[in-house]
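Just need the whole structure built from these sequences, with the hints factored in.
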Amino acid sequence: VTRTHGVLSRFKSLWLSSWPLWALIVFASLAAVRLLPAGYIRAIVAAPILLSVPGSLTIGATFSRRPRPQGTAFICYAALLSALWSAFASLALYVGGVLISAESTYWCLLIISAALAIVAEARLLLGGQGRGRRVANRPGALDPDLSDSEVKDAKTPTKTGGEGRYAILAVVAGISLLAGGLYAYDHIPHPVTGYTFIAWTASPSTGEFAVGSSGTELHFQIVHRESDTTTYRLSAAWLGTLSWPLAKSLTLSIGPNRTFRGGIFVPPLPDGCTYRIVVTLSAIQQIDPLTRKLETWSINADVHDPDKSSKTCNR
Amino acid sequence: LTATAYQRQSDSASHPESSVRRSRAVYVYFLAVAFALCELAGIGAIVRSYSIAQTTLSNESEFVWFWLGMFLLELPIVGLVMRRATPQAMQTGLLTFYGLISYAPKLLRDPTSPIYHDEFAHWRSTYEILSTGKLFRNNPLLIIASDYPGLHAATAALVHATGLTIWQAATLLLIMLHVTLVLGIAALARAAGFDSRTASIVAILYGLNSSFLYFDTQFGYESMAITLAVWALAAYVRAIRSQRRQGRAGWGVMTVVLSAGTIITHHLSAFTLVLIMALVSLAMSVPILARGEAWVRNALTAWSLTMVAGLMTGAWFVFVAPRTWSYLSPYLGAGLSELMQDAAGSGSAKPLFAASLSPWWEHWCAYLVTLLAFVLAVGGLLLIRARIRDGRLPRGRRRAILFAFALFGLVYFPSTVFILSPSGSEGARRSWAFTWIGLSILAGPAAVWLVDWAGRSVRRWRRVSLRSILMAGLSIALVGGTAAGLDASYRLPGPYLFGSDARSVTPELLGASSWFSARFGTGNNIITDRYTGLVFASFGLQNFSYPSLGFPYYDLYLAKPGAPIEPPSLPYQIEFSNYKYLIVDQRMAYDIPELGVYFVAGEPAALFLPQDGKPIFYGRLDKFATIKWMVKVFQSDNYSIYRFNLPADPTGYQQQPPRARGKRGKRGKPGKVLQGKLSVTP
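Protein sequences appear in the order of chains A and B. Using the working numbering, the first residue of the first sequence is number 1, and each one after it goes up by one. Using the working numbering, the first residue of the second sequence is number 1001, and each one after it goes up by one.
In case anyone wonders, no lab produced these hints; they're calculated from the structure. Some hints here could point you the wrong way.
[To be verified] Straight line, CA to CA, 30 Å or less: simulated BS3-like cross-link-like pairs of lysine-lysine:
| no. | chain 1 | residue 1 | chain 2 | residue 2 |
| --- | --- | --- | --- | --- |
| 1 | B | K1677 | B | K1628 |
| 2 | B | K1623 | B | K1560 |
| 3 | A | K248 | B | K1628 |
| 4 | B | K1677 | A | K308 |
| 5 | A | K293 | B | K1560 |
| 6 | B | K1677 | A | K311 |
| 7 | A | K293 | B | K1677 |
| 8 | A | K293 | B | K1628 |
| 9 | A | K248 | A | K293 |
| 10 | B | K1614 | A | K293 |
| 11 | A | K293 | B | K1623 |
| 12 | B | K1628 | A | K311 |
| 13 | A | K248 | B | K1672 |
In C-alpha cells form, the structure reads like this:
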C-alpha cells in the first residue's frame, strides 16, 4: 500500500509540475487516434482531447496558479476555449491560404497547443507558490479576489474531491438518461409515409430529345416507395390543344419499395417541328387527398427531328 | 434472531447519534431513489408525448405528457437546488445534470438530422468547409451565416477529429454548449457576488426563457455564441473585480478571447455582449453606484475591455461581414414603424398565438410568465433597495455590476410589446435569451427570499403549501416561457404540416432532392418555395435564392393558365441569372402555410388573398406542364420538377400531333396520329 501510495504521489507531483507538457503529448496523440475506425469509438477518445486540451493550456498560459478558475469553471472554460481554438485555427488556415482539412487543422492546433504549453510550463516553473491543491485548500490562501459570499462558500467544509465526484455522477447520469431516452424513442413505432415518383432517365437531361429517322426510345423510371402493392395504368400521349394517344396504355402492379424501368418509343417524325409528349402514370384505385381525383403522375418532353425542315411548323 | 434484534435495539437506544445517522441515511437513500425514479419517469413521459404527437396534427394529451415529463425531470432538481442544506458541490452537479436533461426535448425532437430552418443553413455551411476546405462560402439559405463561421469551423474540426457525421458532431458540441450555458449563468451570478445557492437558482430561472429549451439548443450560431458571451461576461466581471494586477490581466485576456469567439460566431450575440459590457462600464463610472476602493481603476478596466470588444466587433462588421447591418436593420426598423402605426391606430397588430397548435392553457401561461417575471423583478429591486439601506450593498463594484445587469434585465418588459409587431416579434423573442441573463440575476435573490420565507413558516402544512405554490409558479413559468418562444410544430413532432419548417421534411421531399442531385448534379440554380428549398439547398447542395421585388419569381406561380407571365422580363431574368429548374409543391394550391409565408418573410400580402375561399395558387400550378419553355422531368405525389429551356424557342411545340404522311382519307381528312410503344420492366 505504501509503495502504491508513493508511486501515486510521485505521479501526482510529476503531473502538477509539468501538466502542460503532458497535455501537449496527449493532444499530439490525436494523430494516433486517427487510426481508430471513424465514428463513435474514435469520438469517445478524440472528442474529450480536442475539447479540453487547447483550452486547458490557454488557462495555464493565461493565469498564474492563484486566480485560475477552479473545478467546474476550469472545465467549462477549457471546453469553450478548445472549441474556439478549433474555429480560430480554421480562420488562421484560411488567412494563410491553406485548405482546411483534418491534417491541416491538427497541425495548426498542435502548433497553437505547443506555444500555449511552453508559456504555461514557464508560468509553472517561474510561479513558485507551492504546489497544487494543498495551497488552494489552505484557509489562509484564499484568493483575495473572491467576494464575501464566495469566501463563505469556500470556507464551508466539503469532502475532498466532492465537486468532481458530483460532477462526474451528474454527467454519467445525464448522458445515460439522454441515451436511454434516445433508445426508447428509436424503438417506438414511427409512422412511415411512402411516395411514388416518375422521372426521365434518358439523356440529355434537358428534356428535349432528338428523334432520328428510325425513331428513339426515351427511358424513364417509376419508383414506388410504399409499403403495399399498387396497380397503375401507364399511358403516353402527344400534347397540344388536346391530347392524342401516343401508345397503348399498360397496366402494371408495383410491389413495395420497387423501381420499374420504362421506355416510350417515339416513332420517326414527319417533319422538323417540335412535339410534346407526356407519359402519365395513374393509380387505378388511389384517390389523391388534395384533388380528390384519381392520383396521377406525369412527365413530359419535347421531341423533334433535327435533320428535317421546320419551315412548315405552326408558330 | 431475537438476541440480534434485541442487541440492535439496545445499541440504537444507547447510541442515539448512530440512530439519527441511520435514519438520515435512510432518508437520503429514499430521496436518491425517488429522484432517480422521477427522472426516469420524466424522460419516459417525454418519449410518450412525442410518440403520441407523431400521429396527430395536434392533440392535448401530447402536451400534457410533455409537461408532465418536464416537471418530473426539472422540479426535483429545482427542489434540491433550493435546499439550504445542499452542499455547493452537489449544487454544481445538479446544475450539470439540469443542463444535460434540459437538452432532452431537442435531442429527441430531431435525433438524426436537422429540421429547423436555421439548422439546414448551418449544416450547409459546415458541409462547405468540409468539402471545399474554405471558410466564407456562400450559403443560399442564410446569406449572413457564412460571415460568422465560428460554429461551422468548430463542428468541422470535430468531424475531422472524430469521423462523426456533421449532425452527430454538432449534437455533441451543442450538448457541451448547453450544459456550459447553464453553468455559465451560475458562474456569472457568482462572479457578480452571489452565493452558490442563489447563483444556482439564477441559472434555473434563466432556464425559463423562451429560447432555452429549443431555440438555443438548435444547430445555430446563437447556441454557441450565447454560451461564449455568458462566459465572456463572467470573465469580464471577474476582471473588474480583481484586486491584483495578475488576476485582472488573466481575466482580461479570457474576456478578449471569449469575446473574439462570440464575434466570429454570431452578430446579435456579439452586439449584445458589447452592449452589456458598455452598460456595466457605464455603471462603473457612476459615482453613486461604483465609488469605492479603486473605482477609477475598476472603471478603466471595464471601459478598456469594452473598447477592445467593441473595436473587434466593429472591425468584423466592417471588414468581414459588412452586410450584417442590412440584414439586421429591417427587423428593428420595420418593427418600430409597425408599432408606431399600431399606436396611431393605422396598423394591424399581430394576433398572438394565431393558428397556434398549442392548447389554450399554454397561451395563458405565456401571458402569466411576464407577470411572474415582473413580480420577481420588482421583488429583486426592493431587495436591492433594502440591502443598500442596511449597508449590505455598499457603493462599489458589486453594486454597479448588479445595477447594470438589473437595468439590462428590465429591457425584457418593454421588448414584450414588440411581440405585437409582425416584423418585430422575431427580434423581440431573440432578445429574451439575452435580457433574461439580467432578469434572472435581478430576480434570483427575490426567488431565494421567497423560498426562505416559505421555509420560515412554523406550521408544516403551511410550509408545504407555500412551497407548492412556488413550485406551481415555477411550472407555469416553464410552460409559458417555452410556449412564448416557438410554436408547437417546432417543439413536438407530428405528421406533415404544410408551410411549417420543422414538419415539412418528408421522405418524399428527401427522395426528390436526392434524385435531383443524382440526375443533375449539385450547384444548380433552382426556383422553389421556402420549405422545399430548405432540403434542396442543404442536403441537395443546390443554389436557391429567395424572391425579392427585383426578382419576383412568385409571379411565375401567380400567372393564370394561358395568360402571359408577368412581368415580361421575368423569363429573361431567369435565363440571365442561369436558373435552370423550378420545383413546385402542389400543396401550395390547396393549403395556407402554417408560418404564413410561401417564399420569404415580407412577400406581397396579395399572395394570401384567397380566391373563392381557396389559396391564390389554386388552379394555377398545372399550367407549368404546358408552358413552351418548361419541361416536366419529375413528378412525385406532391412535387413536380420542371426544367427551363431558355431562351424560349419562338415556335414552341406543335398544338397538333404528328401524323402519318400520304394516308389522308377520301375527304382530305388528316392521316393517323403517329403511334409509339410503351414498355416497362421491373
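Tested hints:
no.	hint	in the structure
1	B/K1677 <-> B/K1628	holds (24 Å)
2	B/K1623 <-> B/K1560	holds (8 Å)
3	A/K248 <-> B/K1628	holds (26 Å)
4	B/K1677 <-> A/K308	holds (22 Å)
5	A/K293 <-> B/K1560	holds (22 Å)
6	B/K1677 <-> A/K311	holds (28 Å)
7	A/K293 <-> B/K1677	holds (27 Å)
8	A/K293 <-> B/K1628	holds (26 Å)
9	A/K248 <-> A/K293	holds (23 Å)
10	B/K1614 <-> A/K293	holds (17 Å)
11	A/K293 <-> B/K1623	holds (18 Å)
12	B/K1628 <-> A/K311	holds (18 Å)
13	A/K248 <-> B/K1672	holds (14 Å)
Figure legend: structure checked against the earlier numbered hints; every hint is met.
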